[in-house]
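Chemist: What follows is each chain in one-letter form.
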Amino acid sequence: MAKVYFSTWNGEFVNNINLPEEEWKESAYNLPAQYDSHRTSKAFIGWDGVALFDKDVDVIRLAMEYAAQYQEYSEACGRCAPGRWGGRILYDQLDKIARGEGSKADLDHLKEIGKSMQITSKCEIGKTVPNPILDIMEHFEETFLECINEQKPSVHYGESIAYIAKITAPCTDACPSHVDIPAYIEGVRDLRMDDSLMATRQTMPLAHVCGRVCPHPCEDACRRTNLDEPISIMSLKRLGADWETDHGYDFFHPLEKKPSNGKRVAVIGAGPAGLTTAYYLAADGVEVDVYEELPVLGGEVAVGVPEYRMPIGKYNKDIECVKDMGVNFIVNSKINADDMRRFESEYDATMVATGTRISKKVYCNNERAEIKGYWGAIDFLDKVNLYEKYGYKISKEDQEENLLTTDFVDLTGKVVVCVGGGFTSMDVVRCAIRANAKKVYMIYRRDEKTIIKNTTYEEYHEAVEEGVEFLFHSAVAEMVDEENLLKSLLIDKYELVPDPNGGRAELVKIEGASYVIEADYLIPAVSQSADLKLLPSEWEIEMTSWGTIKTNGKDYMTSRKGIFASGDCEYGPMTIVNAVGQAKRAASVMSRYLLTGEITLSDDEIMEDHLKKLRVYDKKEKITGWLKGVPRQHSQVLEVEDRKYNNKEVNLGFTQEEAMSEAERCMRCYYIAMVQA
Amino acid sequence: MNKLINFKIDGISVEAQKGETILTVARKNGIYIPTMCYISKTSPCASCRMCVVEASGMDGFVLSCNTPPVEGVEITTNSDALNHERTNIMKLYDVNHPLECGVCDKSGECDLQNKTLEFNVSRQHFSAKDQLRPLKEWGLINYEPSLCILCEKCVHVCNEVIGDDAIEVKFGGYSSTIIPKNSQTLDCTFCGECIAVCPVGALTSSSFRYRANAWELEKVPATCAHCSGGCPLEYETRHASLNGADEIFRVKNNFEFSTLCGAGRFGFDFDNRASKDEAAFAKALEALKNAKAIRFSSMITNEEAYILELLKEKLGVKLFNEDARKFAEFMKSYSSLSGKLHHSGSTDAIRSSDAVVVIGSRIATDNPAVRYALTTASKHNGAKILYAHPLEDVLMQNVITQMMKHEVGTEEGVLALLADAILKDADLPQEERAFFDALDFGYLYAETNIGEEEFELMIRSFARATKRTLVIGNDLMAHPRASNIAKLAALIEKYSDFALVVVPREVNTLGVSLINSLDVDEDIADVVGYNAKGSFVISSLEGANLASPALNQQEGTFVSIDNQLLPTNVALAFDGYTLNDLANALGIAQEQTIDYTPKLPVSAGFKSVAFDDLQNFLSPLGEDRRGYILDEIVCEADGEIEELDDMPEFNGTIIYQCDPVLQFNSYTQKAEQLPKESFLRGSAQFGVAAKISDGDKVEISFGATKIQREFKLDSDLKGTIALNPTFDISIDASRYRFEKSKIVRVVS
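Going down the list, the protein sequences come from chains A and B. Those letters in the first sequence? Residues 1 to 677, by the working numbering. Those letters in the second sequence? Residues 1 to 748, by the working numbering.
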């Protein structure tokens, strides 16, 4: 809801012209009436219409400036005949009218060209730019005619007015890293993989990783879904990265490294958030030291995500890319409170990006860490991955602790039970299969549909194919041990009971349905929490109620000046792309903070947040101009027998032919939004 | 099995295969959809939007060039609404397009002109502020941005077919323009394909500029005479009687389906202007009668080669042609194991491959047609391309996925290791299996300097491939171990799914190798040279004792790398005597040279087809209807693979005989427009090893040859091997292309 003077947004028609302000009707949409803390907006114009928040808006100039933005935004236009010439004609004709030299014929030309652009332009930007312009021409025709008849300039023509514009797309808006998805897909379509990769790296340095293991929230906001099926957005991302690696190129950086500005930043943690912070700060000329507790770089993606999903050789390329920007890494370095105090004077700012590496408990009876066979998911995956990817052997002590007889995780003859339902638990059960376990169970409180929603369809089905048994609507009630050695688990069965009042259905335990399964291991993978002992207590850094570091979610500074936080230790266990998105934003804020001491957002970031609130994707929108039913491509996956007992990458990625077919399905749903502040 | 998609276009039932679009199916069925930016050999540019069509059940227009049809859809290609929008697009294209058709090179064959007429756009309907856009002079290529319609065809071919990736669109709406990529000026191999595909007069040949109107030029369909690629081209000439000199004005190609390199496009003026010299003719007859041998080059038609074979019999002379002899010997060894005469692959096979091994060639300059096929395979099929050579080639970096850098001279070992890796699981006869089992791998890895893991990487990266090709270059033909190398190649072809392409060195090396029985060249007196050295020289080049026609002045045929017999025609008349005239005078009577076309040896795969019965065109859908593909000939497979020889060592300053871009031989050297850079190019490391610096004049000695060149430092090169051009010196084709050399600075 927003207070507006006039709005045609998304087909609504709110007209408060000539009404006293107290009688104004509101818009149904979250339009950016307040630009930022110290500026109100006068108008908002975009792909779906126009909204005026103030009487005193020069609508002709507004339309002209919007057309001008279309000319300006080179990355998204100039690719088709209607857009290229049409856009210019729109601008020139509007400018002619605005400066008082227009004729009625110009109005007809505007309508004619606008219509052709709507029908024949290559991308949505060309198709939608005429929308609000034609709206304005329709509803403010008299204003136009006045300027034309009297040959006078529009009311504020030539005055200095701030117009702030932003290009977006539904997928880009939905992506936590705001990757310019249409641009990287266009790179694939044009077979210009360097362009594709650089488009990704503008906001996402981990192109190999997020081309493989991203849960792709973008695909839920793909407009193609309104027509048939979403674009396989994630898989198309890895093409650019694989191409760069295959051809042995130096890294294609989308930004040129700026000369040193003498500022220094410490980053704690070399996971996705830490790497991202480091990459963009280094590009800005900041000297960055990244401290990593583990002997290897990469954080959970390195020691958590298994090799068969995310080959370390590829991830290392992403890490090398960050290094190539000029970042120092210090491994085997667990930072404590004293270090943090020291850093505060040694560095100009610090980023905490330590993730969430403590496995939460299952909360069952007799759940005691001393029981052998009780093994936290994070530690289990650490041990598997450090060996499989880097060759780190398991010490005698740790072998004993976890009932192993070898210096790597060998579960031959063992029954493994994992409690979870998210990506981490999927990694645990599939690694257990690869470690040759006799039997692997996944215990999950809810049903199959939900587990697919929480992970991916592919992930679940591949696990089933590999022999994991999923026990749905189940929960561990008790661990049964003999002298601290796990023997079996008591499992309760639940059922989903609908709320007769139409509320959310509730899980209710089925009495008498509990049963026992023999088990050698119980691996809790329900969730993780953050270890934040490194924060000096006297700093009294504000925390969230779920034990993560609190920020405002926009600039990522903690309650202590100069100390920033991003990734899972800020948000709680979430996705890679979320960590990257936070860290990218934080790096931009930090970069300005280092030079000015102020915490600010750029206009681009302010607009990004406005658009997020407004929502770019409209799942009810009807799609025209595209042929329905062109099938989504699926990449080839290794056969079960070829993958079950090894670490070969399961998903082989698109062939070039598949990639090109898939890229051709992309509708390039770019939009321009503009605020007059 | 790929299911066919059945649908309708304008009420006609049609079917599409996987990968086809509405536009390609329409074209296949003879249904016209207007386009301005579409080009068959690249991915769709999708910039013009002219090809929009209506689809049943869908609102709005669908783009036909990049949309695959779906089952049952009914497509309408023509309606008032479509026509209205297409007309509007044409009106937009015409906004501020300079009205300089009267002097524009493209006038008469301009897509913008044609479509403006088609859509009856008679005036400028819309206005936009014009902008100053000065002409860009990029050497052989000019760019006139004010004429550019930003169709992006040039950018697509440069990246997807050529592989230079030298130009890009500078995006900026109305002021969008084409710019050199990562460079101030155009830095590319100057193939000129961007000129060919430009639908308007924006990209033009700087030398052709303002010289002739398109419609007054006569087109002579021919085959390029510079390398064995056998690319189709058209010489465009204007007869002297029609207001101008009797000369070739330019070369054009059917860019929709075929591609030309810059030598083919700009190197057309190698014709011989000499006239009849009866005294010289008499001397030539005398020389032939007294000759002990005729030495000739492979820049020759099949028919001339056949005449030489007849002369050999008639006069009892020897025939020298080391290039073709080496090739023939190589193929003989190949046949002794494969049991057939011709290699199985072709440039088309390379183009459709998704895994290719290239060995023994600096392929980008040795044979641009193969390079373009590799680029297409890389871009369109995502082909994994392994390039085994002692020298990196920066031109190939964007297609190569694995550089296998081996020691000079160890090609036999490299090929044995490659064959071993490829044939690991093949069902080999006992003898061959024993050969591989007996290989001394430790020795081979050490001597070739290739690690076992490199072969493992190859196998892994080729694992998903469905079409594989092995490309063998000229370094291997002249290798001392050529015979066994040929057998190893034959083994790979025979026992794996690899197709084989052997790259012939000259335009008709392959044809000559099939037609002539060649003798080992000897340094003897009384040798008549035919386009080659001799005591009496008959040649189309300067300094000949008797002038003969150049290859653009003759009709006849070549055999290309594709084992395809290709006709070529007379672009310019020749006023002097031909080889056939000499033969007639010596009692080998045929009225015309092309009377020999149907007589070419059937035993080598030629067909008894008369020259005038040969087709010579590409169909509107791109099928190659030129000449014919040679018949495969089965022969006895009585050869045996031999044990490997010890790997030779090459130390010190080594030169590699290899031409710069756009140069191949004395004919390209003669061409006015082609750059003639004859530097010895080497890395800084080479400079240090040879104790020479950039700009030094040096004397290079190898074998019995001594030449002088200027040394140029090349930052793209590494190591102690320098590149020595051959187009301006005559090279002994029987020698391995890497030479240990002595290099001395010449003090002037």
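Think of the hints as simulated: they come from the structure by calculation, not from any bench. We treat Cβ as the ideally placed atom computed from N, Cα and C, and that holds for glycine. Some hints could be false.
[What the hints assert, rightly or not] Just a few of them, taken from the derived set where beta-carbon distance is under 10 Å, the chain A residues facing chain B: (1) Gly83; (2) Asp190; (3) Leu239; (4) Trp243; (5) Gly262; (6) Lys263; (7) Leu471; (8) Phe472; (9) His473; (10) Ala475; (11) Ala477; (12) Glu478; (13) Val480; (14) Lys620; (15) Thr624; (16) Leu627.
[Said to hold, decoys possible] Residues from chain A shown here face chain B by an in silico Cβ test under 8 Å; the list is partial: (17) Trp24; (18) Lys25; (19) Ala28; (20) Phe251; (21) Lys314; (22) Asn651; (23) Thr655.
Chemist: Would you pick out the hints that fail for this structure and give their numbers low to high?
Modeler: 5, 6, 7, 8, 9, 10, 11, 12, 13, 14, 17, 18, 19, 20, 21, 22
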